[in-house]
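Chains as they are written, first to last, in this note's numbering: chain A, 1 to 116; chain B, 1 to 474; chain C, 1 to 420.
Quick caveat, the hints were computed from the structure, so don't treat them as lab data.
Just to be clear, a hint being listed does not mean it is correct.
As the list claims (entries may be wrong) - Keeping only pairs whose Cα atoms sit at most 20 Å apart, straight-line, the calculated DMTMM-like set for lysine to aspartate or glutamate is:
hint	chain 1	residue 1	chain 2	residue 2
1	C	Lys220	B	Asp272
2	C	Lys194	A	Glu43
3	B	Lys285	B	Asp275
4	C	Lys400	C	Glu308
5	C	Lys179	A	Glu74
6	C	Lys220	B	Asp268
7	A	Lys73	C	Asp203
8	C	Lys91	B	Glu192
9	A	Lys41	C	Asp202
10	B	Lys176	B	Glu192
11	C	Lys155	B	Asp459
12	C	Lys218	B	Glu271
13	A	Lys75	C	Asp216
14	C	Lys234	B	Asp284
15	A	Lys73	A	Glu43
16	B	Lys177	B	Glu190
17	A	Lys73	C	Asp202
18	B	Lys273	C	Asp216
19	B	Lys177	B	Asp325
20	B	Lys83	B	Asp231
21	A	Lys75	C	Glu176
22	A	Lys41	C	Asp203
23	B	Lys249	B	Glu105
Unchecked claim - Far from chain A, by Cβ distances over 10 Å, these chain C residues were calculated:
hint	residue
24	Glu176
25	Val231
26	Lys368
27	Gly377
No residue lacks a Cβ here, since even glycine has one placed at the ideal position from N, Cα and C.
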Amino acid sequence: MIRELTCIGCPMGCSLTVEVENGEAVSVSGNTCKIGENYAKSEISAPTRVVTTTVISRQGIPVPVKTAGNVPKEKIFEVVSLIKNAKLSLPVRLGDVILPDVAGTGVDVKATKTVG
Amino acid sequence: MYDVVIVGAGVIGCAVARELSKYQLSVCVVERESDVCEGTSKANSAIIHAGFDCVPGTLKAKLNVRGSKLLPELSKLLDFEFKNNGAFVLCFDKEQIGGLEELCERGKANGVDGVRVISGDEARAMEPALTDDVVAALYAPTSGIVCPFGMTIALAENAVKNGVEFRLSTEVKGIKKTDGSFTVLTEKGELEARIVINAAGVYADKIHSMVSNEKLSIIPRRGEYMLLDKDAGCLVSHTIFQQPTKMGKGILVTPTVHGNLLLGPTADDIEDKEDTATTRQGLDKVRQMAGLSVKGIPFNKTITGFAGLRAVGDTHDFIIGECKDCKGFIDVAGIESPGLSSAPAIGEYVAEIVGSIITLEKKETFYAVRKGITRMAELNPEEKNRMIARDPAYGTIVCRCEGITEGEIKEAVERPLGATTLDGVKRRTRAGMGRCQAGFCSPKTMAVIAEKLGIGIGDVKKNGCYESEVGEDA
Amino acid sequence: MREFELVIIGGGPAGMAAAIAAKENGIDDIVILERDTQLGGILNQCIHNGFGLHTFKEELTGPEYAERYAAKVYELGIHFELGAMVMDISKDKEITVISRTHGAETIRAKAIVLAMGCRERPRGALGIPGFRPQGVYTAGTAQKLVNCEGVIPGKEVVILGSGDIGLIMARRMTLEGAKVKAVVELAPYSSGLKRNIVQCLDDYGIPLMLSHTVVDIKGKRKLEGVFVAAVDEKNRPIEGTEEYFPCDTLLLSCGLIPENELSRSAGVELSPLTNGPTVDESLETSIEGVFACGNVLHVHDLVDFVSEEASRAGKNAADYIKGKPASPGVPLDVKPGNGVRYTVPSRLYTESADDGVHIRFRVTGVFKGASIVVSSGDNELLRRKGRIFVPSEMLDVVVKKENLELASGEIEVRIEEASV
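Construct all of the structure, not just a fragment, from the sequences and the given hints.
Take a look at the structure:
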């Protein structure tokens, strides 16, 4: 299978063509440097993202949160949905764990701002 | 039973209401929108015309000249912004100077003070930004500019103070004439009235036809405008018209009372009475035509464009009078330019007509004075501190472009006929009318409105009624 | 009348960094005047991550980045006033300010740091015809509503402009359950970062329509939809290419404008290229003792660069207050040459320059395999080859003191394109 990606390593934004077998990149072309190759490999085998969103506190004030590490890309919507349903009361301190081990990813969701 | 029901809360309906509130009458204004000043009154040139333009002997001529003479005093009584800045009508073609002379004679015949024709150089000496193509100009020193929202809201609030009732978000669905009185059918029930006054703007024909078989047609004539930043407002100090030619009435360039620069309007007769959209062609025309009058207009300082509909009748004059086939029904229709200028005089004139139908007796107490919303930016430091000491909300700037405080916005929503939408607050306080066009202040203004109305911030609307929304969702 | 040695206008990332640097350079009598109810400025609504890689070597969200600086402000005991809106600055450094706590007052300053940030270009400035219904917001206003008020403006969204805020909001609205139908960009390239295009658009299958614009807005009271059309090379809509997108929300991410009303009131000279003050290498404006930094000076894409620049402004303001003599001689003009839109600074004193002088600028288009050249007359002061230069990324070069000594007359910054 062939996958087309855009490298985000630098503003060049090389268009990468990746040959994929069994969920692994076997060859990468279109890149200008090693960054593109590495990016393509991780993006194909295990694409991950840090997710940021807000939780509306019981007081009605939104509290910004993030996953404390990368989570699998395909779990983004599940993670967001779980975060949305989290309950919290003010005050909240930056770094407080809002939701441990979100969606079985092993990653905690933490407040990114001290509110209240 | 009301003595008078007025249909329409534009500047005309409000001026009539305020005038009638001097008498011992029960008066009710019905308006389909959620606020006063929602139609033609909110989107026009904001000019108080001197009156040289109207054909002598017409109602327009009479009421314009009278209206413009009443305006300065009225603006002080009711605390709305008016400035007598004078106007030019520019002539770009030596062959056409005769036309200017005619206009000047017309002005004199109408009783306009001080009109005279001057040379292009004289005009440029008074207004240096005029282009070199100007060969002559009519100068009209009594021309003025006004805040049309300020004026309409002031008239309405003063009418309320003097006992007039306003029913907003109430559309008139029909009118039934019964013996000696009317039943006005609205979406929120029926109103009984001895006299009905039709001040429905572009819909005056529709309201008229509910009771009359006489023909009355109103065509919406769309005018598009561009509003420029206050940085550009000092480019000219007078209102600059172009001489009407075969090509049309031309485009004006004027400062506004708030110091912005206003360009427009175009003039397109359209069919849809709701079509207040601007068009690429229209805005292009405004740009191109305005550039003929004034040099160096910084179009990149445009902060917004808008369009308004003028209610154009088929008689070339205002249509004001009791309907021949329906006694007690008074049309105030076809109020195109100079309608804003004429409004106070139209109020008087309509009161006379009402007086010819029923006996008018002056009230013992009429409150002629109305105090507007505090304008913090215009106060000196001591006055500001007095306000802030009274309510700290006057120490919180919400709209940074126009320097409007939370206190002023609270006033806007708490007054009688208070604002319920972002646009309503904007028209009353100017919050959101500046160069960032409400980018920064919207969330905070929404919070103030939400608290007053007891709704969520997300439910606050930019415009329109809250009830109809419920209906839509249901 | 209250007096302070240093008044900092704005408590966002620029203001906080300037205050911290001034304090660390020996100035105690400082006040930060912040109009909002908290320090941090626009970072408070930028809840996404990607901040701080240069400064802290880790990826932070906007509020986290802000809180690190705010913590430092508290720790150093720097005085700040919230809800304090500066209304005017006079030529004599008298600052008119209004707040709940102090009312309307005038504050006198020995030195001022301008750090007011920027604002978004509104719809009117874009000249989009049509109705003016509810549902049209600048991307930043929508961001504030969503992230700070918990209000989601709509469910079906079109975004005009592919600036970073627009891209970030495309993802944000999607995560909040909205359908983002397209991001429409007038230019043939995006003005946002590559990373944001991939992670905010591609990740969610949101189409990016380059060389397109919104040509009409439908819906008198509430937005019903927009017409999008392709544009020609002069950015004029091409007739017949209109496509209708039903939507209840239109977000505008079409550029940022440094907010310099106060600078103007103070009589500070402004650059038509940046819309910010003209400054020398110490970030001093045309008025002695008035410094500028951050987005009020020129629009940045990375907050790390804002903090670094603001630290320099704060330190230089401290030096000024401590009586460092004025720079000797006449400054050399720094001019943008081929491919360069503007430079900051626009003038510099070579003798008083520190060891290295930062010159920051943006390019006018996309350049691949080209070189940045800083020269004065026949003397080349700096040359740096790069793989790619794009308008969306601010460039920063440091010219060494010994090279500056070769300069006379004026200094030019230009892009030398690769020979084909």
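Each hint, compared with the structure:
| no. | hint | in the structure |
| --- | --- | --- |
| 1 | Lys220/C x Asp272/B | holds (12 Å) |
| 2 | Lys194/C x Glu43/A | holds (15 Å) |
| 3 | Lys285/B x Asp275/B | holds (18 Å) |
| 4 | Lys400/C x Glu308/C | holds (18 Å) |
| 5 | Lys179/C x Glu74/A | holds (18 Å) |
| 6 | Lys220/C x Asp268/B | holds (18 Å) |
| 7 | Lys73/A x Asp203/C | holds (8 Å) |
| 8 | Lys91/C x Glu192/B | violated (64 Å) |
| 9 | Lys41/A x Asp202/C | holds (17 Å) |
| 10 | Lys176/B x Glu192/B | holds (9 Å) |
| 11 | Lys155/C x Asp459/B | holds (14 Å) |
| 12 | Lys218/C x Glu271/B | holds (17 Å) |
| 13 | Lys75/A x Asp216/C | violated (38 Å) |
| 14 | Lys234/C x Asp284/B | holds (16 Å) |
| 15 | Lys73/A x Glu43/A | holds (9 Å) |
| 16 | Lys177/B x Glu190/B | holds (13 Å) |
| 17 | Lys73/A x Asp202/C | holds (12 Å) |
| 18 | Lys273/B x Asp216/C | holds (19 Å) |
| 19 | Lys177/B x Asp325/B | holds (11 Å) |
| 20 | Lys83/B x Asp231/B | holds (19 Å) |
| 21 | Lys75/A x Glu176/C | holds (15 Å) |
| 22 | Lys41/A x Asp203/C | holds (17 Å) |
| 23 | Lys249/B x Glu105/B | holds (19 Å) |
| 24 | Glu176 | violated (8 Å) |
| 25 | Val231 | holds (22 Å) |
| 26 | Lys368 | violated (8 Å) |
| 27 | Gly377 | holds (32 Å) |
Comparing the model with each numbered hint stated earlier shows that hints 8, 13, 24, 26 do not hold.
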